[in-house]
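Start from chain F and add chains V and C according to the hints.
Chains as they are written, first to last, in the working numbering: chain F, 1 to 81; chain V, 1001 to 1731; chain C, 2001 to 2224.
Please keep in mind that the hints were generated in silico from the structure rather than gathered at the bench. Positions of the beta carbon are idealized from the N, C-alpha and C atoms, including for glycine. Errors might be hidden in some of the hints.
[To be verified] To give a feel for the contact side, a few chain V residues facing chain C, derived at Cβ under 10 Å:
1. Ser1151
2. Gly1161
3. Asp1426
4. Ser1427
5. Val1429
6. Val1434
7. Gln1446
8. Pro1731
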Amino acid sequence: MRVRVLVRPKAGILDPQGVAVEQALPALGFGGVTDVRIGRLIELEVDDPAQVDEMCRKLLANPLVEDYEVQLLDGAAGTAS
Amino acid sequence: MADAGLPTVEEAMALGLTRGEYELVCEKLDRPPNQVELAMFSLLWSEHCAYKHSKKLLMTLPTEGEFVVMGPGENAGAVDVGDGLVCAFKVESHNHPSAVEPFQGAATGVGGILRDIFAIGARPIAVLDSLRFGDPGTSERSRFLLDGAVSGIGHYGNSIGVPTVGGEVYFEEPYEQNCLVNAMALGLGEREKLVRSAAAGIGNILVLYGASTGRDGIGGASVLASAELGELSEDKRPTVQVGDPFEESKLLECSLELLEAGLIVALQDLGAAGLTSSASEMASKGEVGIDIDVAKVPLREADMEPFEIMVSESQERMLCVVEPGKLDTVIALTDKWEVHGTAIGTVTDTGQMRIFRGEELVGEMPVVALVDDCPLYDLDPAPPAAPIYPPPTATLDPAADLRQALLALIASPNIASRRPLFEQYDSIVQSRTVRRPEESDAAVLQLPGGRGLAVSIDGNGRKVAADPYRGTIGVVLECASNLACAGAQPLGTTNNLNFGNPEKPHIAWQLTEAVRGLGEACRALEAPIVGGNVSLYNEGASGPIYPTPVIGMVGRLPDVTRAGRLGFAREGDAIALVGRFSPALPASELARLRGEALPDGLPDVDIAAVRATQEAVRDAVREGALSSAHDIAEGGLLVAIAESCLAGDVGATLDLGACEDAWSALFGEAPGGFVVSGDPSAIARLAEHTDVDVIGAVGGDRLHVRAGDGEANATLAELREAHRALARLFP
Amino acid sequence: MKFGVLRFPGSCDEVDAQLAAGRVGEAVLLWHRDRDLQGCDAIIVPGGFSYGDYLRAGAIARFSPMMEEVIAFARDGGLVLGICNGFQVLCEAGLLPGALLQNTNRRFTSRQVRLEVVNSETPFTLACAPGELLSVPAKHGSGRYYAPDDQIDAMEAAGQVVVRYAPGDCFNGSARDIAGVCNQAGNVFGLMPHPEHAVDPLTGSTDGLRIFESMAMAAEGVRG
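Next comes chain F alone, as it looks inside the complex (with noise of 0.2 Å):
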């Protein structure tokens, strides 16, 4: 099954890739955009859906600074954490 991780910085971290595209987007021009997040996307082929969660919390993501996703891309509800 293939499924979709999405990593990204824990609410209060800091996030220099973040604000540095926040600071960009008003020079070129594009008003009204705040909290911006910089992440990453993991895409995964996986004979057990139920194994991601667990990946997720020893290698994927790091928990201390990183909230994961999981999202299953048949339609199935995913997790979040």
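This is chains V and C only, laid out in the frame that chain F set:
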């Protein structure tokens, strides 16, 4: 072989061959080439691979000398540095890829030059870079290119653990459309363990290892991607190649371990034109034939056509020749380093390059025809009838006084501190770096046994544009002067000739004159050319770049603990102007700030006199007699002194005495001038060997200079603030 | 005194660390896929870009067979020093508290910094005076130390903040200018700056040698 759907002459021309060249290919093959063959010929007969417009000129350059171990023609040149060790080095350009995508363009440029170094069996120990962009103050695009190129160089060098120890960057309007990204690498190897790229041993096996092969950079300059050639048009991919320094780091360690264990006969990296170029060059140098089975090449995309596999420029791949009995050991070692080797071909006695897909023969060409039979062209040089380059945009107030001019020069992007750039580079990994950037005119690396290597890379497009012959001599001299200030004697030279379209007579003239100056200067300095690269057709919509020969020079120091420094060090030291220095303002940095047109020609240079001064300075540095030594370059004498003040964090007071033209004396430029400081007795001893003019003393917290009726005065804090100008571009 | 320096694919500063440790004892390289610590008295996890720093710096290296041995060695009280990428690996492995995030300036930055020795009683700083400033180079793109505030309070109280950047020298945005921390037991220490690049007057300062000397003193003490 099936000859259905043979490409037409028009398709051959779309790939960059001329009608005459296509006809010559047909003659060599005794039939028209098929798609695979045409793709291979068009690449090997391109300017990039065949040097067809520059080879005749390059053959005039001096390539032999006392220290030369490996000259042009191998993956990199090498010079003897004593104790059985050699220094391998080479500079190469990645201008066009960097103009498209500066981060990856520069990163893969570094990756490519590093592979050239370890392909001859030397461990890469340093990277330097030479960069040219438009004005970063006014051009958004130039800032983007600069930022991307610097991050890309840092990304690759830092990640692979090779220090970036030096470099140069200049900003001039003619580079606005066509930036230059040249990278130089140095390696250290044992003389007896160097490996050449000539394939040998009929029946030996070709092993490809490293990254898998994808459609990256097919056709390099997108020539192929835009051609309507068979199935090609269905998928026009961008030609940006993506570098993977992690893969290269494994490739490097694996290659050196293969060589150390004596497991391979020949080694070659895959660069421009990929497998086509690597395999053909190996066959040509070994005077053998090679059979390749493209079905065995590990692919990133399953549906690749044979010609795509042969011309792919996927990065981080190496090709080696292995005796059959050692194949299993070689494969096991590549597995250990996770760069999985695959046997893809064999060395034959046919003299033919034969390409198979499984059992099917899909291309067959004489190696000699591919590699050696590309026609070489005579240039048609003619000096330009009218100036080629518009005057630079004036940025300095015409009413500026000497002090304002000094501060404007110090803040010029061409002179301001490069700290915001080189701070993005790891300059100390491998624990050899004795002089970091801005500590000495040349980077200095320690060698075993207390000796040292110094290295510098230099260019000055504006001066070469004003006078290709004398300008190029000036660049070579500047490079050697930088070595002299570190205390080093030149051993050899590498060069990258960045020019416009050589089919235009005035560009052909620039190239011809520059190569004449290059050869003359290298001969006079006994610093022969051991390798290099040519990058032509560097033109934008608004015209050609300044002709930019970039010179890299490696020298050695007997005692690395005495490597020179550029900063003033002691209050009370005497400051001397050394050398027969005849400063002139035309084509100088000040002239650029004033918006003055380039002059038609530069003053004559007495190379022998400059060499004698270099030797005197070098010897004084080696004796440890001087506190500082700094070559006078962009911005002239006063800028050189200001730089020595800033590097040493101490002021200076100067009096040039009677002076007809203070502006020329303080800001004029010419080869062969040095600023040194030291104990007055040491300066007096130096005067026994060369022209020495004591002009002041080190001390205080300001730079004060009197020249005839003129006077300038700036505090260290003011100079430092001006010198930080580039930092604003890297918030 | 025998140091073992780990070598992962993508390590860069392992030979530098071996040379530096070699100034105060014996030093050998340990390949990531092996499991034999070769009787080493202390382990150094070196700088570089193990596994290309892909995913997150240090995230993949920590699962190598040799790291499993190092984790067990650390749990038994063995001395483990992580430098730069090695610090990141030790945090990812859970041997040290906190995480290292992208520098606030978003750039790889290489600069000589002054380190203030906050705790001179760890096995890694025994040879230093309290408050002493060490001149050592730092070079990294992801060196911003982060841990939750209350955790840092507790770490400070327990002496786990071992070195800080001197005022004005912290370019990466680290919480409370923290440059290096140890675990509660004090036998595992990680720092972003590179003491192994400050052991020879020819190539820089010699202040970094103090860290290796401290480790040798501590190991001898244990043995004696």
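Hints and how they fare:
no.	hint	verdict
1	Ser1151	holds, 7 Å
2	Gly1161	holds, 3 Å
3	Asp1426	holds, 5 Å
4	Ser1427	holds, 6 Å
5	Val1429	holds, 5 Å
6	Val1434	holds, 6 Å
7	Gln1446	holds, 6 Å
8	Pro1731	holds, 8 Å
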